[in-house]
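Colleague: Sequence:
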Amino acid sequence: MVVESRLIGPVRVVGAGLLGTSVGLGLTARGIDVILADASPTHVSIAVDLGAGRRAAAGDAPQLIVVATPPDVTASVVAAELAAFPDAIVTDVASVKLAVLSELAELGADLSRYIGSHPMAGRERGGPLGGRADLFVGRPWVVAAHDAISYQRAGAIDDLILDLGATLVEMTPEQHDAGVALISHVPQVISSLMARRFIDAPSAAVNLAGQGVRDVTRVAASDPDLWVQILGANAAPVRDILVAYRDDLDRFIGALDDPEAPGARRRVAEELAGGNVGVARLPGKHGTDKRFTTLTVMVDDSPGQLARLLAEIGEIGVNLEDLRLEHAPGIQVGLAEIAVLPETVEHLTTELAARGWRIAG
Numbered sequence: 075m076v077v078e079s080r081l082i083g084p085v086r087v088v089g090a091g092l093l094g095t096s097v098g099l100g101l102t103a104r105g106i107d108v109i110l111a112d113a114s115p116t117h118v119s120i121a122v123d124l125g126a127g128r129r130a131a132a133g134d135a136p137q138l139i140v141v142a143t144p145p146d147v148t149a150s151v152v153a154a155e156l157a158a159f160p161d162a163i164v165t166d167v168a169s170v171k172l173a174v175l176s177e178l179a180e181l182g183a184d185l186s187r188y189i190g191s192h193p194m195a196g197r198e199r200g201g202p203l204g205g206r207a208d209l210f211v212g213r214p215w216v217v218a219a220h221d222a223i224s225y226q227r228a229g230a231i232d233d234l235i236l237d238l239g240a241t242l243v244e245m246t247p248e249q250h251d252a253g254v255a256l257i258s259h260v261p262q263v264i265s266s267l268m269a270r271r272f273i274d275a276p277s278a279a280v281n282l283a284g285q286g287v288r289d290v291t292r293v294a295a296s297d298p299d300l301w302v303q304i305l306g307a308n309a310a311p312v313r314d315i316l317v318a319y320r321d322d323l324d325r326f327i328g329a330l331d332d333p334e335a336p337g338a339r340r341r342v343a344e345e346l347a348g349g350n351v352g353v354a355r356l357p358g359k360h361g362t363d364k365r366f367t368t369l370t371v372m373v374d375d376s377p378g379q380l381a382r383l384l385a386e387i388g389e390i391g392v393n394l395e396d397l398r399l400e401h402a403p404g405i406q407v408g409l410a411e412i413a414v415l416p417e418t419v420e421h422l423t424t425e426l427a428a429r430g431w432r433i434a435g
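Everything in the sequence shown is counted per this note's numbering, starting at 75 for the first residue and increasing by one.
Quick caveat, the hints were computed from the structure, so don't treat them as lab data. Keep in mind the model is a prediction, meaning the values are calculated, not measured. Some hints could be false.
Label pairs and their calculated CB-CB ranges [stated by the list, open to error]: (1) G284 with F326: 43 to 49 Å; (2) G284 with D374: 33 to 39 Å; (3) A385 with A338: 31 to 37 Å; (4) T370 with G349: 18 to 24 Å; (5) S119 with R341: 56 to 62 Å; (6) A222 with R199: 35 to 41 Å; (7) A338 with V419: 31 to 37 Å; (8) G204 with R398: 20 to 26 Å; (9) A222 with P261: 29 to 35 Å; (10) N281 with A309: 36 to 42 Å; (11) R197 with P160: 24 to 30 Å; (12) P276 with A222: 53 to 59 Å.
Ideal Cβ positions, reconstructed from N, Cα and C, are used throughout, including at glycine.
Turn these sequences into a full structure, and let the hints guide you.
Modeller: What follows is the structure in structure tokens.
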């Protein structure tokens with residue numbers, strides 16, 4: 075069944091990678107005519123085969139153009155699309171906004187038909203094969219407003235965001251770039267630098283890795299070429315935060331120089347407690363401020379056991395808020411970390427134990 079769409083279409087998507095293909099899949103599911111273009115014919119072929127849209131044809135007259143190309147070519151591609159399709163509104167989904175807008179102004183592009191945007195969504199797997207129609211559902215999607223485009227003209231981008239199930243967030247380009255520097259770009263740098271410590275580490279130490287270090291270093295597996303472009307385009311706000319982070323590290327290192335010195339342990343405690351306060355500000359499930367308690371259940375590593383656990387949690391009447399699975403080294407057991415509302419933990423623990431489940435800790 076085709077769901078009604080706010081957009082009229084056609085929508086031209088330039089760049090058939092993860093984001094572009096996901097945009098195409100989401101819009102075609104709503105019956106929108108999607109036109110796919112990419113410097114790589116193979117990417118276009120794969121995206122077409124996946125059902126993300128069709129190849130460009132003579133006479134195409136898109137209502138909206140979404141540019142989903144690498145950051146170092148985004149502005150030039152946007153300028154070319156504005157020139158080629160004088161009746162279309164153009165947006166891009168690059169992860170930096172001010173640099174693109176500034177370059178377009180220098181190129182003399184028609185900014186009355188352009189507004190940058192950025193969906194806060196992605197996967198470690200890139201390319202068209204990583205595309206998903208639901209990639210943007212429930213995710214923030216920033217629209218970086220500027221004075222050269224009218225609210226009425228920019229309405230097509232709002233329709234795009236809502237059609238794809240995302241949550242529209244309005245920011246200036248400067249606010250956006252400062253925000254993603256803190257929330258995305260600096261964490262990437264810190265994750266990568268932490269993971270570099272493993273290069274020459276003894277195998278005995280690396281083999282001790284548990285879920286905590288995997289969480290900290292997960293994004294270190296990202297594409298270096300892409301991140302060189304992103305960090306170069308957003309260098310100033312990233313640098314400012316890293317300088318402040320360096321000051322934090324210096325304080326912490328100073329306290330560890332002599333842990334028995336007066337005030338040293340207090341300083342360590344205050345720095346760690348500050349992390350508790352900061353992480354508590356992050357939005358929880360569905361953007362709410364609800365906090366959950368984690369219950370760890372030992373699951374035999376055999377077919378059907380995890381499915382049985384999930385089914386029995388449902389039978390008990392407890393809503394599963396989140397789930398993470400970790401394997402215990404050296405034994406055929408998985409550790410299912412189940413996030414639930416704090417008030418349900420005691421009841422769930424009792425019921426699961428009565429059904430024979432082993433609760434870790």
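Colleague: It remains to establish, for every hint, whether it holds in the given structure.
Modeller: Okay, the hints, checked on the actual structure:
no.	hint	verdict
1	G284 with F326: 43 to 49 Å	violated, 22 Å
2	G284 with D374: 33 to 39 Å	violated, 19 Å
3	A385 with A338: 31 to 37 Å	violated, 51 Å
4	T370 with G349: 18 to 24 Å	holds, 22 Å
5	S119 with R341: 56 to 62 Å	holds, 58 Å
6	A222 with R199: 35 to 41 Å	holds, 36 Å
7	A338 with V419: 31 to 37 Å	holds, 36 Å
8	G204 with R398: 20 to 26 Å	holds, 21 Å
9	A222 with P261: 29 to 35 Å	holds, 32 Å
10	N281 with A309: 36 to 42 Å	holds, 37 Å
11	R197 with P160: 24 to 30 Å	violated, 35 Å
12	P276 with A222: 53 to 59 Å	holds, 57 Å
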